[in-house]
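Enquirer: So you can see what is in the structure, the chains are spelled out below.
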Amino acid sequence: MLNQLTIHELTAKLAKREASAREVTQSCLDQIARVDGNIHAFISHDSADALAQADAADQALAAGTTHAQRPLLGVPVAVKDVLAVKNQPLNCGSKILGRFISPYDATVVEKLKAAGAIVFGRLNMDEFAMGSSTENSAFGITRNPWDITRIPGGSSGGSAAAVTADEAIATLGSDTGGSIRQPAALCGCVGLKPTYGRVSRYGLVAFASSLDQIGPFTKDVQDAATVLRVISGHDGRDSTSVPQPVPDYTAGLTGNLKGLKLGLPKEYLIGGLAPAVKAAVDAAVKQYERLGAEIVEISLPHTDYGVSVYYIIATAEASANLARFDGIRYGARVDGADPIELYSRTRGAGFGAEVKRRIILGTYVLSSGYHDAYYLRAQKVRTLIRNDFLQAFEKVDAIVTPTTPTAAFKIGEKSDDPLQMYLSDIYTISCNLAGICGISLPCGFTHNPKLPIGLQLLGRPFGEETLLKIAHAYEQATLWHKEKPPITNR
Amino acid sequence: MSAAQFDVKYVAHLARLHLTPDEEKKLGEQLGGILGYIEKLKELDVTNVEPTAHAVPLVNVTRPDEVRPSLLHEDAIRNAPAHANGLFMVPKIVE
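Protein sequence lines correspond, in order, to chains U and B.
This note's numbering numbers the first residue of the first sequence as 1 and each following residue consecutively.
This note's numbering numbers the first residue of the second sequence as 1001 and each following residue consecutively.
Hints in this document: simulated from the structure, not taken from any laboratory.
Treat the hints loosely; a few may be bogus.
Said to hold, decoys possible - Result set (DSS-like, lysine-lysine): computed pairs, CA atoms no more than 30 Å apart in a straight line: (1) 410/U <-> 1025/B; (2) 1040/B <-> 278/U; (3) 1026/B <-> 410/U; (4) 1092/B <-> 95/U; (5) 1040/B <-> 380/U; (6) 380/U <-> 1042/B; (7) 1025/B <-> 266/U; (8) 266/U <-> 1026/B; (9) 1040/B <-> 414/U; (10) 414/U <-> 1009/B; (11) 1092/B <-> 414/U; (12) 1009/B <-> 95/U; (13) 1025/B <-> 95/U; (14) 414/U <-> 1025/B.
These figures come from a predicted structure and were not determined experimentally.
All chains should be modelled from the sequences, with the hints used to inform the complete structure.
Expert: This is the structure:
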């Protein structure tokens, strides 16, 4: 079935005319019709528009356009509901945007289209990317394809579930504290968070502007390298995008790990780490030794403060960013006698519980009298966390950790306890605070129930080439990424 | 920080966020717990540590000051909850 292919398998078939873009797009749409009633990865999708884009791709292929020229020509790629796609709805999983239709394309969407991708669908997410389970969406919950009584992770739960269930060939998500890597781990696909500044954020609805990055969900590491190359690069419309050249990430996937050093942070052996997750990560480390990498114990002494720093900085930035949703220029409005009442009622009716919680916390830590005690102190501890990583990268080429302390938890299990939910991001959060890159890839399963386990690799700022090489070498030596949830083959 | 010390009503006003009495109570309790957890940052000595606002600091980012195409007026207004004569409609501000 064409929808089950990776990007590299599919483009090979498209190039040889063994399949058409229309056929693969139809096959993804058929899969959505078959499984998405149970999974609910998509908030909506426009089949006619997707097929029209597919026909245009087939015409380009017939006219002789190659995948060297347009690397994603004919590849269906779905996007998280946080990215602007011209003339498509954008809701951020929230009620407050009403019937918003994007007037322009995000830079990453422009780049995907220029590379020939069929950009379709609005993937479900925690409202404004705030959450770790995709239970905080105004459009209903998304379920884990491996076990529909469990969460897919979040906030990009729809993006992870759609790739895992073969409803799209690849997807995009966004990662502020783990929102790509954590759902990739819990669903069993590959998720990459690029270095801060690697990918333009223009057209990404802002949650925490100093932490947000867009990245791909794919079926294997080679595909992640392909998509990253397409979406990376400097953009004059995002003043935080960094003018660094974009390497050919796929060319670096040599499998050769000779001379590379991998760091194991001793602080990551915490109490809440599930034995099955620890065993899978230990086995992955042994695999790396067999592949020729040297394993070094390292220390990231400020690890324990990551969650606290994150929930101050991210909520402070969110409280400012979300001030724009006031019922004046776009979205839903609840009228009031004066502008203040209008803002307050609109926001009270439009935002869900988790978003309200974070706006209140963020407003508080920035408020007069508390700014220095909370926000400024958090920014200083952020420096200490970043220095931990920069010092570690003087000794090692990448850091190996579990992506999450446990496999996917049950729907509803943590939804009434925000602090427990926040602590499920303990391994992913520091990467955003430090601004480095990170990837999650499958490294095993729990038994009874069978649920995916993710291996996280963290790399130097703008070190995606090495990070992907290290991830790819492991993937080539194992078969975890080939395993499919039973729901996909029913 | 206990829930009692945390003035949810005041902060909600600063955030322009209407909360029901139930929401106020629940948020006050939950945020009291979260703030209690965050207190652990006070264990650290941060004397002489510079704050990090951005992980990859760039300075003086400018673009050429050139006239370029921008969002069309009709595109800018089409998502507005209320508009007339090409303008956003808002409640009366000045008597």
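Enquirer: Identify every previously stated hint that the structure contradicts and give their numbers, smallest first.
Expert: 7, 8, 11
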